[in-house]
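Participant: The chain contents come next:
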Amino acid sequence: RKEVEQDPGPFNVPEGATVAFNCTYSNSASQSFFWYRQDCRKEPKLLMSVYSSGNEDGRFTAQLNRASQYISLLIRDSKLSDSATYLCVVNGAGGFKTIFGAGTRLFVKA
Amino acid sequence: DAGVIQSPRHEVTEMGQEVTLRCKPISGHNSLFWYRQTMMRGLELLIYFNNNVPIDDSGMPEDRFSAKMPNASFSTLKIQPSEPRDSAVYFCASSGLRDLSATNEKLFFGSGTQLSVL
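These protein sequences, in sequence, are chains S and P.
For the first sequence, counting from 1, position 48 maps to 76 in the working numbering; every step adds exactly one.
For the second sequence, counting from 1, position 58 maps to 158 in the working numbering; every step adds exactly one.
Same shape as in the complex, but just chain P (with noise of 0.2 Å):
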C-alpha cells in the first residue's frame, strides 16, 4: 500500500517567492494533518481537515500560509510570499478517524519536504 505522499521531497526558493506544498493522504483516511518542524519549535499542528473540511487551522502562522483540500485525495499548503523564517521541514499525516466522536487512530506521516526560502 502506498502510504502518505509528499512532494516536492525539497524546496529552495527565494524570499517573497510563493510556495506549494502538495500531499495525497492514504486511501480511505478522512483526516489530514500539516505539521510543521524546526529544531527551536520541534512538530507544530498547522491546520487539520476531517472530510475535506479544515477543522482548526488555529496553528496557522499568518495569513501567508493557506491550506485547501479539494478532494480525499489531496491537499495543498500555501506560503505566499515566502520568508527565511518559513525554513523548515513540512510534514503531512493522515489517519482513519471516521468522525469527530470516535476515538483517535495513529498518524501515518509522509516523508516531508524540506523548505529552504534564501
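Isolated chain S (complex conformation) (with noise of 0.2 Å):
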C-alpha cells in the first residue's frame, strides 16, 4: 500500500463548479499535513497546510481526519485558473520524511 493514496482523476469541471479531493495516508504518526498545486512543467508550490480544525484560505478548504487518516480539499467557484494537479502531502514525525502523493489532475472548462 502506497504511504499517500490520491484519486489521480482528471477531474473534468465547469467554471463556477465545487469540486473536493480525497487523500488518504498509511502512517497514523504522520504529524503535518499539506496541499501543493502543481502546473504543467513547473515545480510543486505550497497550496496551504491542513490542520486538524480544518482551515480555510477564501476558496479553498482543507479538511484533516485523524482517526480516518485521511484530507480533503474543497475548491468552492472554481476558475480557469485553477486547473493543475493538486498534490496531497504528508509528514512523518520530526517533519522531515516528506511524502507526496501521485495527485490529482483538475480541469476547470469554460
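FYI, nobody ran anything at the bench for these hints, they're computed from the structure.
You may find that some hints are simply not true.
[To be verified] Facing chain P, a subset of chain S residues (Cβ under 10 Å, in silico): (1) PRO72; (2) LYS125; (3) THR126.
[As the list claims (entries may be wrong)] In the DSS-like style, the derived pairs of lysine-lysine whose C-alpha atoms are separated by at most 25 Å in a straight line are: (4) LYS168/P to LYS125/S; (5) LYS206/P to LYS73/S; (6) LYS124/P to LYS73/S; (7) LYS124/P to LYS30/S; (8) LYS124/P to LYS125/S; (9) LYS137/S to LYS168/P; (10) LYS125/S to LYS178/P; (11) LYS137/S to LYS124/P; (12) LYS70/S to LYS178/P; (13) LYS70/S to LYS124/P.
Where a beta carbon is used, it is the ideal one built from N, C-alpha and C, also for glycine.
Build the complex: two chains, separate frames, hints provided.
Facilitator: Now the structure itself:
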C-alpha cells in the first residue's frame, strides 16, 4: 500500500463548480499535512497547510480526519486558473520525511 | 529573494555517462531535499539533508546514485553510470527546519532539471 494515496482523476468541471479531492495516508504517526499545487512543467508550490480543526483560505477549504487518516481539499467557485495537479503531502515525525501523493489532475472548463 | 536554484535546466546524455545535477538552496534554510518525478511514479523522495548531513537516503534507487552537500549553500546529485530509466525531472527543495524536533515548514522547490538519458 502506498504511503499517500490520491484519486488521480482527471476531474473535469465547469467554471463555478465545487470540486473535492480526497487523500488517505498509511502512517498513523504522521504529524503534518499539506496540499501543494503543480502546474504543467512547473515545480510544486504550497497551496495550504491542513490543520486538525480544518482551515479555509478564500475558495479553498482543507480538512483533516486523523481517526480515518484522511485529508480533503474543497474548491468552491472553480476558476479556469485552478486547472492544475493537486498534491497531497504528509510528513512523518520530526517533519523531515515529506511524502507526496501522486496527485489529482483538475481541468476547469469555460 | 532568490529561490532554490537548480542547474542545468535540461540535460541530455547518453547511457553510461556521468550526470551531475546541482542545487543552491535558499539562504538560511538548513534542510535540503532531492526528489525525482516521473509520470509512472510521481514525486519520489530520494534523499534529504539537515545541516549538511544526510538524514535518510533510503529513497536513492541504487548505488549509481550519490548525493553530497559540502556546505550550506550547495548540493549535488550524481548518477554514474546513467541509464535510460533514470530519465525524469529531478527537483531540489529546501526548507527552514531548525532541528529534528521542529514543526515542519513548507518546502520551496527549484525549477527542476529535466534529464533525458538516451
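Participant: Enumerate the violated hints, using their earlier numbering and listing them in ascending order.
Facilitator: 7, 9, 11
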